[in-house]
Every structure is written in C-alpha cells, then in structure tokens.
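Protein chains in written order, with the working numbering: chain A, 158 to 511; chain B, 247 to 512; chain C, -5 to 552.
Please keep in mind that the hints were generated in silico from the structure rather than gathered at the bench.
Glycine is no exception: its CB is placed at the ideal position from the N, C-alpha and C atoms.
Errors might be hidden in some of the hints.
Said to hold, decoys possible - As a list, the in silico DSS-like pairs of lysine-lysine whose alpha-carbon atoms are at most 27 angstroms apart:
| id | chain 1 | residue 1 | chain 2 | residue 2 |
| --- | --- | --- | --- | --- |
| 1 | B | 471 | A | 199 |
| 2 | B | 471 | C | 503 |
| 3 | B | 391 | B | 471 |
| 4 | A | 203 | B | 512 |
| 5 | B | 510 | C | 242 |
| 6 | C | 109 | A | 177 |
| 7 | A | 177 | C | 436 |
| 8 | A | 199 | B | 391 |
| 9 | A | 177 | C | 36 |
| 10 | C | 503 | C | 144 |
| 11 | B | 512 | C | 41 |
| 12 | C | 446 | C | 549 |
| 13 | A | 177 | C | 41 |
| 14 | C | 495 | A | 177 |
| 15 | A | 347 | A | 415 |
| 16 | A | 203 | B | 510 |
| 17 | A | 347 | A | 199 |
| 18 | B | 510 | C | 41 |
| 19 | B | 396 | A | 371 |
| 20 | C | 16 | A | 177 |
| 21 | B | 510 | C | 446 |
| 22 | A | 177 | A | 203 |
| 23 | C | 109 | C | 41 |
| 24 | B | 396 | B | 512 |
Said to hold, decoys possible - One side of the interface only, derived from the structure: several residues of chain A facing chain B at Cβ under 8 angstroms:
| id | residue |
| --- | --- |
| 25 | 194 |
| 26 | 247 |
| 27 | 248 |
| 28 | 297 |
| 29 | 390 |
| 30 | 394 |
| 31 | 442 |
| 32 | 444 |
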Amino acid sequence: MSNNHDGSTAARGVTTVAPKEGGGFPNPGLPPHVHRQADLHKSAEKRAERVVAGMFLLSVIGTIVFIAAYFLVTPTGRNIFAEEGTPSALWWSNLITGLGLAVAVFFIGAAAVHWAKTLMPDEEMVEERHDIRSSEETREVAVGIINDGLEESGITRRPVIVTAMVAALAALPIAVLAPLSTLGPLPGNKLHHTFWGHNPGQRLARDHDGTPIKLSDVAMNSIFHVMPEGLTHDTPHRMEERAKAAAVIVRIDPKLAKNEESMAMGVEGVLAFSKICTHVGCPVALYEQQTHHMLCPCHQSTFDVTDGAKVIFGPAHRPLPQLPIEVDDEGYLVAPGDFTEPIGPSFWNIHKDK
Amino acid sequence: MKALAARRHHPMALLVILLLALVATGGLYAALSPQTAQAEAYSEDDVEAGEALFLANCATCHGRDAEGLVDSGGTTIGPSLIGVGAAAVDFQVGSGRMPMQSSGPQAARKEPQMTEEQTRQLAAYVASLGPGPAVPDEEWLDTSKGNATKGGEIFRVNCAMCHNAAGAGGALTRGKYAPALDGVSAKHVYEAMDTGPQNMPVFNETNLSPEDKRDVITYLEELEKTGSPGGISLGSLGPVTEGLYAWTIILSLLLGTAVWLGAKAK
Amino acid sequence: MTTTTPSTRKQTSDLQDTRTYKLGAVGADWLDQRVAGGGFVKFIARKIFPDHWSFMFGEVALYSFVILLISGTFLTMFFDPSMEEVIYDGPYTALQGETVSRAFASTMEISFEVKGGLLFRQMHHWSALVFMVAIFVHMFRVFFTGAFRKPRELNWLVGFALMVLGMAAGFTGYSLPDDVLSGNGLRVIDGLMKAFPIVGSYMSLLFFGGEFPGTQIIPRLFTIHILLVPAMILALIGIHMVLLVLHKHTQYPGPGRTERNVVGFPVFPVYAAKAGGFFFLVFGIITLISATTSINAMWVYGPYDPSPVSAGSQPDWYMLWTDGGLRLIPGWEFTIFGYVISLNMLIPFAVYGGLLGFLALYPFIEAWVTGDDREHHLNDLPYNTPVRTGLGVAWIVVYLILALAATNDLIAIALHMSINDLTWAFRIGIFVAPVLAFYITKRLCLSIQRQKRNLALHGEETSRIVRTEAGEMIEIHRPLTDYDRWVLVQHEDHRPLKAGKGVSALRAKATSFFFQDRIEPVTPAELREALEHAGHEKHIIDGLTGGDYRTPYEKVVH
C-alpha cells in the first residue's frame, strides 16, 4: 500500500503507512438506493412541484416589496410607516427594503434546492478519477520539447548571455523602489518636534473650544484635554499637528508626588503630559482621579501621574512625555517649549538628538 | 436735591457713599458675572432632618461629622463629605449608589434607598458642612437650549474614552468601570460631571461650563432619540459583538441551510 | 461516465419537439462554431460532486465574496475617498455643522440619505464578516479531514493566501469611512510600522504620504481595497477553482467510495440547481441580517480626530488576534547604542508569523513525517488522526486566546472582572491552554477510535440483556451490515519509524510523536474471530429466548 496509483513507490522510500493485514477489507460497493416519496407517489411529486412553484412566487412578491419600498418607505422622502426624515423612517426603510430583497433572493434559492432534492434524480452516480500525472508518452514528449527548446535557445551554451540576463532581471525590480519613494517625504526631524516646540510660549487651550485655561480654572482631581491655543482651523497640516500636540493637564496634590523632577515642570501640582500613547499612538485619555492613573483604552497601558507618567502596567515602555508649563502674568497656563522628549510610539532613532 | 447737596459735608456722607458704591459694585457683579448653576436654598428643617438621616445611614462609613473614616491599615472606608456639595449627595443617593451595598472597587447604580424628600434633606445637611457644587438649575437641563453637535464634540473628547462613544460603558483598571449612560437623568449626568464621583475626574464649571454640560446632555438625548436605525444594536459595543453574532447566529443559519441542502429528501 | 436511465429518454424526445428546445439548439450551434462550447459541455456538465454539508463552506466564502462585489460596486457609486474637510449638513442632527472629511460625509450620505444605502452598506460589512467566518470554517474542515494532502498542497497554499488577502480587504475596507474607531486602528498600524528597526519611521511616512494622518491614506486604502486586493482575490479564486476541477473534490469514506472514484451527483442539472440555489440562500440570509441588525454605526464614533477615542476599541473580528498579542506582551523595549529595539512589537509579530507559517506549511510538515507520497482523495475522519486533530485544536486555542485578549475590557465590564487580572490570566493561558487542549483532544480521539473499534467488531449494543442459568449476563448486539462497517475499518494504519536507514533521528522522533499512541484498525482475522464468537453467543441467546428478542414488558403490551 505504499505504492501510488500508477504503481510508482513512495518517493521518500520509508513511510509510516503500515500495510493492511490480508489486504484489508473489501469495499462493499454502493449501498442499495432508497427512493423518495416523490419518486414513488404521484401525489407527493405534485406536492413537491407546488411547493417549488410557490417558493418562486414568494420570491416575486419579495421583489415587488423591494421595488415598492424605494417609493413608499424611503429614509428622507415619502415613508408610509414613519414621519419623513426621522431616524424611525430610516429604520423602516432599511427593514422593509431589506426584507423585500431577502425574500426575493432567498426563495429563488430555496425553490431551486427543493426542486433538486425532491424531483431531480437522486441516484448516486460514479465518475472515475484519472491520474493527475501525465501519461509516460505525454511526459516523454513534453520533456523532449523542453530539451529541444533549451537546445535551440542556446541557453546552456551561452553563459555570457545568461549572466547578463540574470543581471538585468535582478536589477529591474530594484527600479520599483524609485517610484515607491515618491509616496512620502523623509522623516527628517519631523517626529522629534511638535507644534508646542515650533511655536514656544503657547497658551494651553481647551480642546473642544480653543479657550485658554487659567491656573485657577484647574480644580483638584480634574483633567483638561488640551491643545495649543494657536493651533486653529486655519493652521496648515492641522490634523498632523493635533496628532502630535494633543495633551492633558491634571491637578494632583503635591504631597502625593513621587517625582520631584516631574513636579518641578508643573505649577502647584498642575502637570501637563502628552496624550499620545508611547505604545502605538492611541490617545491616553482615561484618568482615574483617585488612583492618579492614566489608562489607554486600546491596549491598557497604565501611567502613574504622580511619578512622571511612568508605565505601571501594559505594553507601553516609555513614560508619557511631560510638557513643562508656567503661568503667565494674566494667570493663564503657557508652555515655554516642547515636550521633554519626542511623543508617541517609539521608533529606531527616537533618542537621537534632532 | 438741595437738601441732599447740603448734607455733603456730613460725617456720615463718606459712609453712605461707600455703602452705595459697595451695593452698586455688588449688584453689577451679580448681574454681569458668569452664571453659576445655583438651584435651591435649603431650610433649617431640611438640614436637621438631613443630619438625622445621615447619622442613621451614612455615619458608619463617612464618620459622625462626615469627616471621613480611615481604617487601621490606612485604607479609606468612606471619604470626607465636607465640601462635596449638595450635587454629590443628590447624585450618589439619588442614583442608589449610596448607601453602598458592600465595599468594593466601585459603587454600583441600584434602586435608590431614600425618597426624593430624604435625598433632598441629606443634600441640605451635607451642603451645610461646607461650600460645594449645588444641584443644577432647570435652565441647565433644558435640552431645547442645548447644541447637540457641540455636545458631541465635548463628549467624544472628554467622555467617550471611559463611557464609550455610544455611552455603553467601559472598563477602568482593577475591576473599576465607567457605567453605561442609558436611562440616566439629565440632572444626574450634570451632577456626575460637576462632582466627579469615585474615579471620574471632576469636570467643574471652570472645566466644562454649564452651557458645555447642557450641550453634552442634549447630545446624549439626541443619541437616544436616534436609536439604532440599522436594526438591532447588539449593545453598541462595536466589532466584537458583531463578530460574535456572525459566528453564532449567522453561522447557525448558514449551517442549517447547508445541512438541509445536503440531506436526502423524504 | 454519464448515465441516462431509460425513464428519462422518452421525456427527452418530448422535450426535443418543443420550440424552446429548437431555439436553444440554434443558439448552441452558433456558439459552438465560435467557442467550441460542445467540448466544454462534455467536460463539465456531468462532472460529479459529492454531497455533504461540510463541503459547502468554501461555497459560502465564494458567494459572500460575490455579494461583496455587488454591494461594494453600489457603494463606490456614492462613496468619496477624499480627506478634504467639509461641513456636514445632512439629516443626522448630532453632527450638523461638524467638520468632517468627504469620506466620512459620503458614508453618512449613503447611510442616511441614499435609498437602500444603509441596507447595502450593512450587507457589505456583514458579508465581509461572513466571508472570513466561512474561510476559517472551510479551512479547518480541510485541515481536520486531511484534504490538504497530495495533490492538494498547492491549493492549500492558495487558500491560505486568500485568507490573508481577506484580512487585508477587511482592514482596508473598514478604515474607509474615516471615523474615530477605524482612525485609531490606523494610528495603531502607524505605531507598529514605526517600531520596525531602522526603516520604521520611513515606512510610516511613505505609507501615509507624510506624518500621520496626512491626506493620502484614505484614497490609497480605497485603491487597495477596490482594485488591488479584489483583483488578487479573484485571480486566486480562479486558480483555486481550476485546481478543484482538476483534482476533483475529495469525498468522505463510505461504501462504494474509493481513492479512484467520485460518488455524488452531476453538475447539470443537480448541482447547478443546488449550488446555484445555495448562492441565493446565502444572499438571502445575509440580506435578512442586514435588514434587521445594525453594524458599524460610524456616526456614533464620530469623524476621525487624533484626540478622541472610545472605550472598547477593537478591530473587526478577524483582526482581533493581532490586537490581543499587543495587549498581552509586557512593555519590553531596550536601547542599544541609543537605538530602540521594540520587543513589545517584534515578539508579537514573530508569534503571528509563526502561527501563520505553521498553518501554511502544515501539509509539508505532515508529508515529511509520514513519508506518504500517494494521492489522497478520501478524507480522514478527524478522530482517526488524533495528533493532527490535536495540533489543529491547539492552534485554534492559541488563536482564540489572542482574540479574546483583545476583548479583555469588554469581558471586564460584562463579567465584572479586573482587566489586569484578565490580562494575566491570558498571559499564562496562552502557554498552558494549548498544551492542555492538545492532550485532551488527542485522548478524546483515541477514545472515539476505541469505541468505533468495538462497534465494528461486536455490532450495535441493543440494551437488551439475557441471563443464562449459570448467571452470566449477555447483551444482545445487532450486527453491522457490511455497508455500515466499512467506514469503521477502511482507515489507514500508521506506525512510528526507527532512526537510521534514511530516517533521521528527528524524523523518527516526529513519527513517534504522531503515531506512538494509536488504536490499530480492525483486521479481517479479528473480525472473523469476533463473528465466530458472536455466532456462539447468538446460539446461546436464541436458545434462551427462542429467537424472540422482545422484553417481557413488550410481549405483554404488543
């Protein structure tokens, strides 16, 4: 039994397949055929026909409902089930249009399948498998053709041509790199700086309305989501700047601080940190006011705000970079410069000075 | 006029002018300063009744004088309530979170144990202990005056990361959670933002103004009004529940159809 | 090869008299003179396909892909893949006046304004989920029945490629509406790219056409999603089908079925009706779901901005396993000469690569172990191959743990648990659970084999017991017919190999791992013995019962 169908032996020679004792059991052949109701009784056959025809008819009804829905149950126009233009109208439109199409389509399938199952012949038929491997003659002819062709091309006799050809074919794919390189600019020092650094002395503003924040606005145990005041709708590359400049300020009791350096970069317990997770860049937006932990919802990296936003759980490694802040003479919080280090996910040369 | 002018050298004249100036300044300030969401004033009876309720239901964890209780190991049994304001009490007691069923990482919302009147009295007592956020005025809960779009912006930046974009709730660390927001009254939403219950940060007036808060409430109402136009919402928890649905319901339907197709007819 | 029964011949001649038939004949002739249709009909129309519901999942995948093409084409008529910012002024009140991209705005239009738009959008997304479910179920059916063995190894690789492309199609697709959820998904991809040593930041800026998010990514993903990936999928599906026709479909072992034949029903008319009908059934089911169940309500997430994020942010189900690995790995990252090596990304990648590699290469691994170079067209019953089945289950367990890890925050709120504890449970589980699953599966398979063996030798237990005078209890067994017994005895017997003589030590160990614990198939000699014994027993039983096997109760009642 380690032979292939064409009589050749297993190529690897040694196989784990054990020969069957006595050649194994003989295949008993196809079992006797069992007839269906529709084969035996005319009434059953007629009934099956009626069911098939009925299902095709149901499909037609579905099609009619589907088309009608486009006129009678629309999301923003005429809607016989709900007030025009309301979410309820949209719900009805989706439901009726969908049900119509579902019925239209489903019952074509059900009818076809029922027809095949009950009325088409269901005697099992047998088809022989042929060898996939070509016959010996065909192989010989094929091998002959290939050999002749190789001879005629001269590929075996002309090593210089072959070498040159390989060089050309190997070089061409490299050419693909050239147009690929036009897909985007070089990183340069872009990833090392943010809007805060390019425009020092920015006031910190509320993210949702751009209003600057006074030190006295920041209550104990609160969090503000912050952007630079100068980063407005008209700023060029607004989204890209926001993607790097996003920050939060939290106010903690200075007595709880574990990190003197970090506290010194804040004002009276008000600390500003980058909101962009140092893992893969989601906004680290959750703040637990009692534990003083910031949590990133994507992969659960947890940062301790009383200890310089150090990572205390999860896949992030670098602490959230801190934004040094001061108070100007009107009482507003300002950032004299950029974050202490590049924000966001780590990359190869993130620690290199740029 | 002549009589008034004749008295301008009276020794009391300066005092009268100062008093007038004070009243004028105070009045102008009251008229022109940014609105705070003050609601009601409590009576002495309210405060007394509240104190009685407090001693009976809350003092065991929060201390006899609401100064807070810490156990021998240093863990807080109940925090100090001095300065938390009527809003905090109205929220915690009104949503049934307090009195807490059992200590744990989180006080869960449950059936309120106090009547509205009792809640009001407790709030009055705690408010008397020290100044703090008050129960919001109806004006700030009137969604006809709010802007849903602005509210959505505020919600997505300040709230969705804990409570989920649809307000379906979310996990915090170590068994804590931000609860789902469906069925929460506008008043309680306001108070929660204002007081920052448990681990929720404090979003007081200088962080999110009363208009901002009203906008958020309007947005939440709009979300509820819109409902789920695409059909069953599967809890608004996103791709995970959708994937589960595909692997269970849809796969079962397809499997059933396939089995029917392959089975021999009767 | 083809059979026409006498009963159909008379009907055929009636048919041939009809006008429709004659018209058809003219048409067929016209076609045949131009494209040799006759040869094609001869080749394909009476091809036999075996009937089993477990063979239908490849079809489900194919049909859901067709539905993706149809619904997708509709969507492209309305979707605008531009990141240009506009002010939303459609019917959805909560976003009116909001600054959004054209991509987001056009998706809103499709959902809220285009008639049937929401339906087609939901059909498209549900079909995508069903496509991947079907691919997985199909792939594991093929795995557990050993249908990847020669000559089908190449088709297995084609299928594997289709699975990977399916994931790519899904990911690029759900990122197109430019909402907060998928936008944060893109941010994660950006972070992953940046983590690559040396070239990371270059890759990121090339992919996004500048710093994240840029204005290029949605149009680029659109091209990938509607052109490049579908073209590759279609081409591979073509190859997949051609190989299927060339190799013919596998079949389950059974009476009359051999390695040299296919038993079933012909393409025309039975499979044309059944398989064609099945397309409409799948279409109908997906449409029913799309009419009644909401998916990806992107207006609730809001337009993408780098600042907001939603609690419970996960990718579509088939990408969950990649997200889970990122949550489980601790923050291992170190610097060497000031350069960063992010093991917290590289290790998960290595794991994903390993899992995929194992799957892709499995046919070749198993062929190396068994040295079996024969063609296989009869499927294995999974319990007859305990180690293969165990390995498959272990793979699924690893995959499942990774996928569940990505849902840890949802499990935490649903079951009131701590996400930190859950994360630790998964971190330990991913090492312990697969080993346990393998062991339990293998033992279960061997157990089933033992039971089947008994069944083959002794027949079915009838729960009727007779008691001899001596007090011995004998259960009456109903002997199996040859047809029923065949499936239980036809399977292969594998033995481990000893090292030496062309068998390396490693290979010998591998064969031992696969085949040391085994239940040997019933041999004819064993069966003869068992039948003899059964004959003796029957003699005794008939002596006691007089040939009437009814219980006393049954005798009274009947």
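Hints, verified against the model:
| no. | hint | result |
| --- | --- | --- |
| 1 | B:471 with A:199 | violated, 58 angstroms |
| 2 | B:471 with C:503 | violated, 66 angstroms |
| 3 | B:391 with B:471 | holds, 16 angstroms |
| 4 | A:203 with B:512 | holds, 14 angstroms |
| 5 | B:510 with C:242 | holds, 22 angstroms |
| 6 | C:109 with A:177 | violated, 66 angstroms |
| 7 | A:177 with C:436 | holds, 23 angstroms |
| 8 | A:199 with B:391 | violated, 74 angstroms |
| 9 | A:177 with C:36 | violated, 39 angstroms |
| 10 | C:503 with C:144 | holds, 23 angstroms |
| 11 | B:512 with C:41 | holds, 25 angstroms |
| 12 | C:446 with C:549 | violated, 32 angstroms |
| 13 | A:177 with C:41 | violated, 32 angstroms |
| 14 | C:495 with A:177 | holds, 23 angstroms |
| 15 | A:347 with A:415 | violated, 33 angstroms |
| 16 | A:203 with B:510 | holds, 18 angstroms |
| 17 | A:347 with A:199 | violated, 82 angstroms |
| 18 | B:510 with C:41 | holds, 20 angstroms |
| 19 | B:396 with A:371 | holds, 22 angstroms |
| 20 | C:16 with A:177 | violated, 56 angstroms |
| 21 | B:510 with C:446 | holds, 25 angstroms |
| 22 | A:177 with A:203 | violated, 51 angstroms |
| 23 | C:109 with C:41 | violated, 43 angstroms |
| 24 | B:396 with B:512 | violated, 64 angstroms |
| 25 | 194 | holds, 5 angstroms |
| 26 | 247 | holds, 4 angstroms |
| 27 | 248 | holds, 5 angstroms |
| 28 | 297 | violated, 44 angstroms |
| 29 | 390 | violated, 13 angstroms |
| 30 | 394 | violated, 20 angstroms |
| 31 | 442 | holds, 4 angstroms |
| 32 | 444 | holds, 5 angstroms |
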